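> Here's the letter readout for the chains.
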Amino acid sequence: MALIDLANPTRFLRLTDRLLPWLVGATVVTMVAGLYLSLYASPEDYQQGATVRIMYIHVPFAWLAMFAYTVMALASLGTLVWKHPLSDVSAKAAAPIGAAFTFLCLVTGSLWGKPMWGTWWVWDARLTSVLVLFIMYLGIIALWRTIEDPIRAGKAVAVLTLVGYLNVPIIKFSVDWWNTLHQPASIMRMDGPSMPPSMLVPLLVMALAFTFLFMTLHFMTMRSEILRRRIRTMRQREASGAAGVATATTGARPGPAHSDTKPAEAHS
Amino acid sequence: MAMTRKQRRLSMIGGAGAVLAVAAGLILYALKDEIVFFQSPSDVAEHTVPHGQRIRLGGLVKDGSIDRQGETVRFVVTDGAADLSATYTGILPDLFREGQGVVAEGTVGNDGIFHADTVLAKHDENYMPKEVVEALKARGEWQMGADNPAAKGAPAADKTSQAETPSAPASRTN
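If you read the sequences in order, they're chains A and B. Here the UniProt record's numbering is used: the first residue of the first sequence is 1, the next is one more, and so on. Here the UniProt record's numbering is used: the first residue of the second sequence is 1, the next is one more, and so on.
Looking at chain A on its own, in the form it has when it is part of the complex:
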């Protein structure tokens, strides 16, 4: 069973091994270009002055916070419906990255809010729903760590992730459904972006850079997770093999107390 499941992850490891250098390169190039465009080459806003530059990282953080959760939700479907061996690896790897992006979104938003609105934080629908997203991420990470068996943990987390996905459309439309202190969308709206190209281009380059960064980190953590699981399986096999050898040589039968202890724990 375990060996058959390794077939796909092996191909994934080979593919990402070749892909990752290119992704790292793309991240560096777009990040340098994006930072230059947004910090130096873009104009100051007529209302916000230089504070507008926070927007060039805040908005990509917010987009990727929701994108990472969407990746996790799709992976959860893969876990529950198709039982794809890579999907719970993908979901588990995306959670800390998404949590970090959400945290940075909240922090940069707060830093922008103080000079512009006059407050670090308000409990309006947009800010609160993003905080809920952050707490969801923490809950998902905690649940991954609570259940030791990766298959059972994957199923439980998949259910939690899918339930929590309800929050994502609430975040997106919170500024349209209720009045909030947070302004409505400037880019993804029906009648086109309310931003001139001199500001829109740096923002989109930054968004692309952070997307590449997300992909790089996601593939790296997925690889680590696959290798971690292999080590776990190898240890288990080794432990059960050693126990089998021990019983064969001594001729002693393993008692009920002995068979209850998990081989992996004995070795870790």
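Listed next, the in silico DSS-like pairs over lysine-lysine satisfying Cα-Cα at most 25 Å (straight line):
# : chain 1 : residue 1 : chain 2 : residue 2
1 : A       : Lys114    : B       : Lys130
2 : B       : Lys32     : A       : Lys172
3 : B       : Lys62     : B       : Lys137
Sample of chain A residues with no beta-carbon within 12 Å of chain B, all distances over it, derived:
# : residue
4 : Ala100
5 : Ala142
6 : Leu227
7 : Arg235
If the Cβ cut is set under 7 Å, some of the chain B residues that face chain A in the computed set are:
#  : residue
8  : Asp124
9  : Asn126
10 : Tyr127
11 : Pro129
Calculated directly from the structure, the hints in this document are not laboratory data. The structure presented is a predicted model; accordingly, all values stated were derived computationally and were not measured. Even for Gly, the Cβ is constructed at its ideal location relative to N, Cα and C.
Once you've looked at the hints, dock chain B against the given chain A.
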């Protein structure tokens, strides 16, 4: 019709998701008056907020209404349909100015004036380089507080209609 196990699992998840979405929708609908961050001057006029009850009042600072007397500022919050006079003592955010969105927290006094103890500026979703705005102002084509005419190609809004631009917070209360 026989379903495979995958199809059955998928339809179960879909069904559960639909039920959850409807439940969440009903909860949010029931709480819609609680979730709104502020009330517009029209809401305040309709609901007759009791004196002394804390509310957040949101709208645009009416043009020509700001009157500074030392640290105390008097201004009128408008949503185009109704106006409410407000007074505040303290430091205002940089974005606070006439035609700009504002959310003030405080109480309506016996004098019918809104006494704010916190004033937050509301930023709209429009971005524009400083130089472009200055150039437009120099040509006399800039309308403060209105949607930017150059970016939108929209006809310049006159003074009375600019309170009803889509960016005005009060226009999205319903």
